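Asker: Here is how the chains run, residue by residue.
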Amino acid sequence: MLEATVHGALEGLWLVLAWPNILYPVLGTLLAMLVAFVPGISGATVMALMIPFTLAWEPLPVMLTFGGLVGGATFMGSITAILFNVPGSGPSAATLIDGHPLAQQGQARTAIGCAAMASAGGSTIGILILVLLIPLMRQAIMAFGPPELLMLMIWGLTTIAVVTRGAVARALIAAGLGLLLAFIGQDARTGELRFTFGWLYLWDGLGLIPVVLGLFSIAEMADLSVSGRLTISGKSRVEQLSGSVREGVRSVFTHLGLFVRSALIGTAVGIIPGVGGTVASFLAYGQAVQTSSDRDRFGKGDIRGVIAPEAAHDAKDGGSLVPVLAFGIPGSEATAVLMAALVLHGLVPGRALMTDQLPLVFVLIWSLFLSNWITSILGVALVGPLARLTTLRVQVLAPIVFALAVLGAFAYEQRFEDVGVALAFGIIGYLMKKHAWPRIPLVVALLLGGGIELNLRITAQLHALGRVDLWARPLLLVLVLLVLVNLALPWLRANSAARQEPAS
Amino acid sequence: MTRAAEGALLTLVFTTSTALVVVMSLDLSPVARRAPLLVALPTLALLAFELLADVSRIRARSVIEEHSLRVRERALILWAGVLLASSALLGMLVGLPAFLLLYLRYRSAERWTVALAVAAGFWTLLYGVLVLVLRLPLYAGRLWSWL
Chain X
1 MLEATVHGAL EGLWLVLAWP NILYPVLGTL LAMLVAFVPG ISGATVMALM
51 IPFTLAWEPL PVMLTFGGLV GGATFMGSIT AILFNVPGSG PSAATLIDGH
101 PLAQQGQART AIGCAAMASA GGSTIGILIL VLLIPLMRQA IMAFGPPELL
151 MLMIWGLTTI AVVTRGAVAR ALIAAGLGLL LAFIGQDART GELRFTFGWL
201 YLWDGLGLIP VVLGLFSIAE MADLSVSGRL TISGKSRVEQ LSGSVREGVR
251 SVFTHLGLFV RSALIGTAVG IIPGVGGTVA SFLAYGQAVQ TSSDRDRFGK
301 GDIRGVIAPE AAHDAKDGGS LVPVLAFGIP GSEATAVLMA ALVLHGLVPG
351 RALMTDQLPL VFVLIWSLFL SNWITSILGV ALVGPLARLT TLRVQVLAPI
401 VFALAVLGAF AYEQRFEDVG VALAFGIIGY LMKKHAWPRI PLVVALLLGG
451 GIELNLRITA QLHALGRVDL WARPLLLVLV LLVLVNLALP WLRANSAARQ
501 EPAS
Chain G
1 MTRAAEGALL TLVFTTSTAL VVVMSLDLSP VARRAPLLVA LPTLALLAFE
51 LLADVSRIRA RSVIEEHSLR VRERALILWA GVLLASSALL GMLVGLPAFL
101 LLYLRYRSAE RWTVALAVAA GFWTLLYGVL VLVLRLPLYA GRLWSWL
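Just so you know, the sequences run in chain order X and G. With our numbering applied, the first sequence covers 1 to 504. With our numbering applied, the second sequence covers 1 to 147.
Hints in this document: simulated from the structure, not taken from any laboratory. All values derive from a computational prediction rather than experimental measurement. The reader is advised that the hints may include incorrect statements.
Pairs of lysine to aspartate or glutamate, EDC-like flavour, derived with a Cα cap of 16 Å [what the hints assert, rightly or not]:
| id | chain 1 | residue 1 | chain 2 | residue 2 |
| --- | --- | --- | --- | --- |
| 1 | X | K434 | X | D223 |
| 2 | X | K433 | G | E6 |
| 3 | X | K433 | X | D223 |
| 4 | X | K434 | G | D27 |
| 5 | X | K433 | G | E73 |
| 6 | X | K434 | G | E73 |
From the structure, some residues in chain G lie toward chain X, with a derived Cβ separation under 8 Å [as the list claims (entries may be wrong)]:
| id | residue |
| --- | --- |
| 7 | T18 |
| 8 | V31 |
| 9 | V39 |
| 10 | L47 |
| 11 | L76 |
| 12 | L83 |
| 13 | M92 |
| 14 | L104 |
| 15 | E110 |
| 16 | V118 |
| 17 | Y139 |
Note that CB positions come from ideal geometry on N, CA and C, so glycine has one too.
Modelling step: build the complete structure from the supplied sequences, incorporating the hints.
Answerer: Dropping the structure here:
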């Protein structure tokens with residue numbers, strides 16, 4: 001089996017590198033990078049828009065192009081997170097915690113260089129592990145049933161709440177509010193309308209993109225605009241910026257252990273269907289905080305806070321393809337669109353695809369890998385002009401970001417109501433920032449809410465029918481323990497700090 | 001209004017919204033209300049503690065926010081209204097560059113040449129990438145259909 005996998009991997013690699021095949025992932029990457037700079041237009045949106053153009057294509061160029069589209073959009077989301085505090089996608093939200101403070105300190109070049117290296121390296125580790133693990137993948141995926149998936153998502157959410165700067169209680173409240181927002185709309189099982197106030201627009205629930213654009217892009221620029229700060233970095237000339245790409249790249253090797261650990265977390269989470277990159281990024285960020293002796297530096301522009309989520313985010317990409325291709329279970333919006341594109345081209349996910357057409361599967365994986373490296377190299381090449389954006393006057397930058405946010409909100413599902421939602425969440429986001437309420441747990445909870453409710457229901461139903469013994473699932477018990485540790489940690493830390501204070 | 005009072009007001013809005021979710025959940029079937037209630041009740045409890053802390057902060061500190069900050073905040077809300085109105089009436093292709101032009105000229109006090117160049121560049125990006133390359137249908141605006 002391993003021999004067949006290696007053979008399939010090599011054949012797939014040759015197919016990607018053959019002329020003119022190589023052009024497809026390159027062009028797909030460039031298109032995704034260009035479009036993903038508009039906040040709100042995610043890789044999934046670009047892929048969905050590309051499907052009609054590729055209907056007449058053969059499966060090979062489709063795999064090549066879509067691999068490039070997924071990889072290209074991913075990294076640009078991190079760039080906007082670092083420069084403007086605007087996460088281009090859910091997973092990039094973890095990068096902005098330390099990436100944007102670095103940009104504010106005039107070290108955007110270091111942060112982008114580090115993100116580029118960690119992304120490219122992370123995706124390499126992810127692919128290598130994937131190639132080695134494909135024969136064992138089935139058992140690994142099967143270990144995660146609905147109870148484990150539920151607890152894994154809750155673990156991800158509590159990790160975010162604990163590692164986000166500020167009061168833990170406020171982070172947990174924000175996560176709760178995010179989950180409640182996720183419950184708006186028609187109930188998937190009973191068909192009942194929940195919290196829609198009779199408004200047709202809310203039947204499908206609140207869109208993630210308008211909420212993210214409002215809470216981050218609009219709120220961030222509003223805050224900068226109101227604060228009277230001249231530029232994002234506080235510097236008006238590029239020469240005044242400190243840091244360098246080399247410093248950023250070197251930091252990945254300085255923190256090699258953290259980088260490898262984060263990449264392994266990303267790969268492991270990627271393989272589990274239905275969890276996605278957001279959990280991977282935040283779990284990696286959480287372990288970076290929790291395994292460091294000087295955790296107070298996180299959230300204030302610590303380079304380790306960029307390495308961990310970026311490595312995990314890109315390492316996850318390769319792994320996340322396996323549940324889609326092997327079982328037809330997409331873990332994210334992007335992989336759901338990818339699956340739709342594959343089915344339209346007669347490539348039905350399942351055992352046959354993973355055995356008879358393994359080289360084609362690897363074409364997609366290598367194309368994604370290539371795309372991750374192209375974006376990282378281009379990111380480094382463009383670091384000068386990108387860092388220059390942090391020296392642009394806020395009064396010029398702010399209206400452009402406002403206009404892009406409105407455009408992105410509308411482009412998401414072509415509904416004008418989304419523009420109103422983005423502006424409303426812009427005001428809420430501004431007030432949350434002003435009064436020290438963390439916004440990231442709210443967004444991540446909104447993203448995970450649907451999955452949490454679905455897995456909660458299935459678990460409860462299985463338990464009621466006596467089909468599942470929750471005490472006889474060791475993986476579940478481990479995850480429950482991790483959630484409890486997460487919840488207890490802030491109080492334990494506060495107690496130990498209080499004990500140390502009188503002693504000192 | 002003091003900054004602490006504004007913070008307490010925000011917490012109160014969150015608390016009221018969560019309480020509303022609890023009340024509305026009671027009308028739902030047991031299956032549909034399970035997850036909202038599981039989340040809303042502990043959130044409400046945490047919010048109640050937070051609200052008490054905010055109220056005590058109001059008593060402890062009563063720093064009046066500087067007048068200029070209030071003025072800037074109000075101006076920004078006004079410009080958000082202009083953005084919404086221009087894109088709703090004129091559509092994305094005309095309304096967004098028009099908003100950029102007006103904001104840069106009158107709020108940022110940029111020269112006409114700078115404002116025009118940025119607006120034109122933005123229009124080119126909109127038309128070139130989204131309309132020509134991606135064929136993304138952009139919102140057309142109400143005004144044109146009325147005319």
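Asker: All hints, please: hold or fail.
Answerer: A quick look at each hint next to the structure:
Proximity of K434 of chain X to D223 of chain X is assessed by CA-CA distance (about 8 Å); at most 16 Å being required, the pair is judged to hold. With a C-alpha separation of about 13 Å, the suggested pair K433 of chain X and E6 of chain G falls inside the 16 Å cut-off, and the hint holds. Proximity of K433 of chain X to D223 of chain X is assessed by CA-CA distance (about 8 Å); at most 16 Å being required, the pair is judged to hold. Using a Cα cut-off of 16 Å, the hinted pair K434 of chain X and D27 of chain G is violated, with the two alpha carbons roughly 36 Å apart.
The straight-line distance between the Cα atoms of K433 of chain X and E73 of chain G is roughly 14 Å, inside the 16 Å bound, and the hint therefore holds. Distance hint between K434 of chain X and E73 of chain G is fulfilled; the C-alpha atoms sit about 12 Å from each other, no more than 16 Å. Interface hint at T18 of chain G: satisfied, since its Cβ lies 7 Å from the closest Cβ of chain X, which is below the 8 Å cut-off. Residue-level restraint check for V31 of chain G holds (minimum Cβ-Cβ distance to chain X is 6 Å; threshold 8 Å).
Contact between V39 of chain G and chain X, as hinted, is supported at the beta carbon level, the nearest pair being about 5 Å apart and thus within 8 Å. Given the 8 Å rule on beta carbons, the hint for L47 of chain G holds: about 6 Å separates it from the nearest Cβ of chain X. Look at L76 of chain G: its Cβ gets to within about 6 Å of chain X, closer than 8 Å, so that hint holds up. Checking L83 of chain G against chain X: minimum C-beta separation of about 6 Å stays under 8 Å; hint holds.
At its closest, the beta carbon of M92 of chain G sits 6 Å from a beta carbon of chain X; the interface hint therefore holds under the 8 Å criterion. At its closest, the beta carbon of L104 of chain G sits 6 Å from a beta carbon of chain X; the interface hint therefore holds under the 8 Å criterion. Annotation: interface hint on E110 of chain G holds; nearest CB of chain X at approximately 7 Å, less than 8 Å. Proximity of V118 of chain G to chain X holds as hinted, the smallest CB-CB distance being about 7 Å (cut-off 8 Å).
For the restraint placing Y139 of chain G at the interface with chain X, the shortest Cβ-Cβ distance is roughly 5 Å, inside the 8 Å limit, so the hint holds.
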